[in-house]
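Asks: Starting from the given sequences, assemble the full structure and let the hints guide the process.
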Amino acid sequence: MRAFLAGAGLFWPVAAAALQTTPQAPPVQGGTVVVTGPRQDGPVDKDERGLWMQADEAELRLKASNFLITDPALNAYVRGVLCREVGERDCKQARIYITRTPYFNASMMPNGVMQIWSGLLLRVRDEAQLAAVLGHEFVHYRERHGLKQFRDIKSKTNAMAFLSVLPVGGLVGAGLGVAQLGMLGSIFGFSRDQEREADQGSVKMLAESGYDPLAASRIWQQVRSEQEATAAARGTKVRGNGGVFATHPAPADRMADLRALGSAVARPTASDLGAERYRAALAPFWADFIDDQVKLNDFGGTELLLSQLAGERWTGDLLYARAENHRARGAEGDLAAAAKFYADAIAAGGAPAEARRGLGLCLLRLGRAEEGKAALRDYLAAKPDAKDKAMMTMMAGA
Amino acid sequence: MMKGIAAGVLLAAAWAGPAVAGYKLMPRGVPETVRTSGLRVTPSIDWNRVGAKVGRNAEAWTLDGQSLNEITFYAGIGEGETLFKEVGKKTRPLPRFSARMLPPDIVQLFEGSYRVAAQTSLFSVDQVEPTEFLGRQGFRFRYNFTVQDEEVRRTGEATAAVVDGKLYMIAFEAPTLHYFDRDEGAYRALVASAQLGAPAKPQ
Numbered sequence: 001m002r003a004f005l006a007g008a009g010l011f012w013p014v015a016a017a018a019l020q021t022t023p024q025a026p027p028v029q030g031g032t033v034v035v036t037g038p039r040q041d042g043p044v045d046k047d048e049r050g051l052w053m054q055a056d057e058a059e060l061r062l063k064a065s066n067f068l069i070t071d072p073a074l075n076a077y078v079r080g081v082l083c084r085e086v087g088e089r090d091c092k093q094a095r096i097y098i099t100r101t102p103y104f105n106a107s108m109m110p111n112g113v114m115q116i117w118s119g120l121l122l123r124v125r126d127e128a129q130l131a132a133v134l135g136h137e138f139v140h141y142r143e144r145h146g147l148k149q150f151r152d153i154k155s156k157t158n159a160m161a162f163l164s165v166l167p168v169g170g171l172v173g174a175g176l177g178v179a180q181l182g183m184l185g186s187i188f189g190f191s192r193d194q195e196r197e198a199d200q201g202s203v204k205m206l207a208e209s210g211y212d213p214l215a216a217s218r219i220w221q222q223v224r225s226e227q228e229a230t231a232a233a234r235g236t237k238v239r240g241n242g243g244v245f246a247t248h249p250a251p252a253d254r255m256a257d258l259r260a261l262g263s264a265v266a267r268p269t270a271s272d273l274g275a276e277r278y279r280a281a282l283a284p285f286w287a288d289f290i291d292d293q294v295k296l297n298d299f300g301g302t303e304l305l306l307s308q309l310a311g312e313r314w315t316g317d318l319l320y321a322r323a324e325n326h327r328a329r330g331a332e333g334d335l336a337a338a339a340k341f342y343a344d345a346i347a348a349g350g351a352p353a354e355a356r357r358g359l360g361l362c363l364l365r366l367g368r369a370e371e372g373k374a375a376l377r378d379y380l381a382a383k384p385d386a387k388d389k390a391m392m393t394m395m396a397g398a
Numbered sequence: 001m002m003k004g005i006a007a008g009v010l011l012a013a014a015w016a017g018p019a020v021a022g023y024k025l026m027p028r029g030v031p032e033t034v035r036t037s038g039l040r041v042t043p044s045i046d047w048n049r050v051g052a053k054v055g056r057n058a059e060a061w062t063l064d065g066q067s068l069n070e071i072t073f074y075a076g077i078g079e080g081e082t083l084f085k086e087v088g089k090k091t092r093p094l095p096r097f098s099a100r101m102l103p104p105d106i107v108q109l110f111e112g113s114y115r116v117a118a119q120t121s122l123f124s125v126d127q128v129e130p131t132e133f134l135g136r137q138g139f140r141f142r143y144n145f146t147v148q149d150e151e152v153r154r155t156g157e158a159t160a161a162v163v164d165g166k167l168y169m170i171a172f173e174a175p176t177l178h179y180f181d182r183d184e185g186a187y188r189a190l191v192a193s194a195q196l197g198a199p200a201k202p203q
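Chains as they are written, first to last, in the working numbering: chain P, 1 to 398; chain B, 1 to 203.
A portion of the hints provided could be inaccurate.
[Stated by the list, open to error] Simulated coverage check for chain B against chain P, where a stretch passes if three residues somewhere in it have a Cβ under 8 Å from a Cβ of chain P: (1) 88–97; (2) 116–122; (3) 160–169; (4) 184–197.
Hints in this document: simulated from the structure, not taken from any laboratory. This structure is a prediction, so every number in the text was calculated from the model and none was measured. For each residue, glycine too, the CB sits at the ideal point set by N, CA and C.
Replies: Next up, the structure:
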């Protein structure tokens, strides 16, 4: 399995080598270009040219990734949300890449590559929240925060170290422990001031584009609650402001700031949440994304996520996911609970054929052999081409 | 072998170099015992045992290097144990084996362990079927997966049985392109040779 890391290990040195052979940019009059204000097309100076070079290499790799979700409808939807949030003119600069990565993150590289993980889409509740995230990342890009971070790193480290650096401040920074997964850049995180600037810019754009500007604060509330639920179920602690929040403003401060920012720009015309549109756009992918989440062995986080999604109403697919989550943990009482959720899911309708499979497996393990076998036979009848047909046929005693 | 993922993370810098503990030839026709488990196999061709430790009850073999073909023996995973060593016990705990698990639960344990350790969501189980293993009723499953940041598509096959509450499993995986098909026969031969019991002579 160590072999898996070959690609990751090799990639950045290659990028660094590319940077070393970058042709020198024409000298910039009057020293370093001031990089405030809305960005123009193309890099402005040598530093930025180097960053773009690396980012372009990274983009090539991303384009060929097995993890890319290329579905035109989903990509068009996400682009539409970005364009509404940041404006038609600016959004043309972004190239969106959605990847099947089951954690919460998004980022934007200096060359306009915006990366969004499926785990973020699973957690975001409505279109306004998605717009808040996309807008936040776009402000980092527009204001050239990556370039500023790069210069900051360069001034603090030696030449060899910075050559391999492509700062890409992911939405949740480096603290997740998985943040570099295909993120194609060293996740340095931006400074707190830059994060505040991105928050402010995003909330302002939310209001201007008619979205509820308070959506931004809700995301962090949800993520924080989920993180606490994960830790509680594992008997661990959320590590202070570490973890997801390591490189970002303290969550309590941030939520308060975002609420204050949102309230300040709130207006009657800015109330759109787009929850229905969001659910519809995500619907074809939801079963896969929740399956990815259930298989992460994160019982508490998954359970909280599901109950947040359910609100007052547990639909068949949510009940099925909840049953899977319980069966996967398989602790005392989990199998009985799972069996009930499977049965409820089947009764509610909308659950996949695998609900009968899960029900059968639970019942068999609970010692209810005949009922269990019957459920497995129902599964096979509902899914005659099941991949595990041979095994299930034997277990069903058919 | 999944342990290798963990080891790989820590040893990423040293990856290009030889395995820390080197390889040992497993000559064809000579019975070998996997660790201290009593699981014995007789290779039909020469294999190389990977020196780097895969897990308390596991070891890995290869023909041309682990990125091209790798066999992992899970020799007696006990109640409450993980398949391989956890990278982050607190942040990314692995699912644990239970003797009450049914074959599909064990397939799911395997899948979950891979997904968590390799941080991938491109893992799918393609086939699960009953088969004889270690002279008992066992099962076999075929899977495929890709690891992010590496992107090589791999196919795997594992054959397993639970004996006296312990999980015995031999898994083989290789790049889907060329290597899996080429070496599957050698893997199946190794599985067919597997026996459980006291070795013929002390190892």
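Asks: Hint by hint, note whether the structure agrees.
Replies: Here's how the hints hold up against the structure:
Counting residues of the region 88–97 of chain B whose C-beta sits closer than 8 Å to any C-beta of chain P gives 7, which meets the bar of three, so the coverage hint holds. Coverage of a stretch by a chain is defined here by at least three residues with a beta carbon nearer than 8 Å to that chain's beta carbons; for the region 116–122 of chain B and chain P the count is 6, and the condition holds. Given a C-beta distance limit of less than 8 Å, the hint that chain P covers the region 160–169 of chain B is violated, as 0 residues qualify and 3 are needed. Here's how the region 184–197 of chain B fares: 0 of its residues keep a CB closer than 8 Å to some CB of chain P, so the rule of at least three is not met and the hint is violated.
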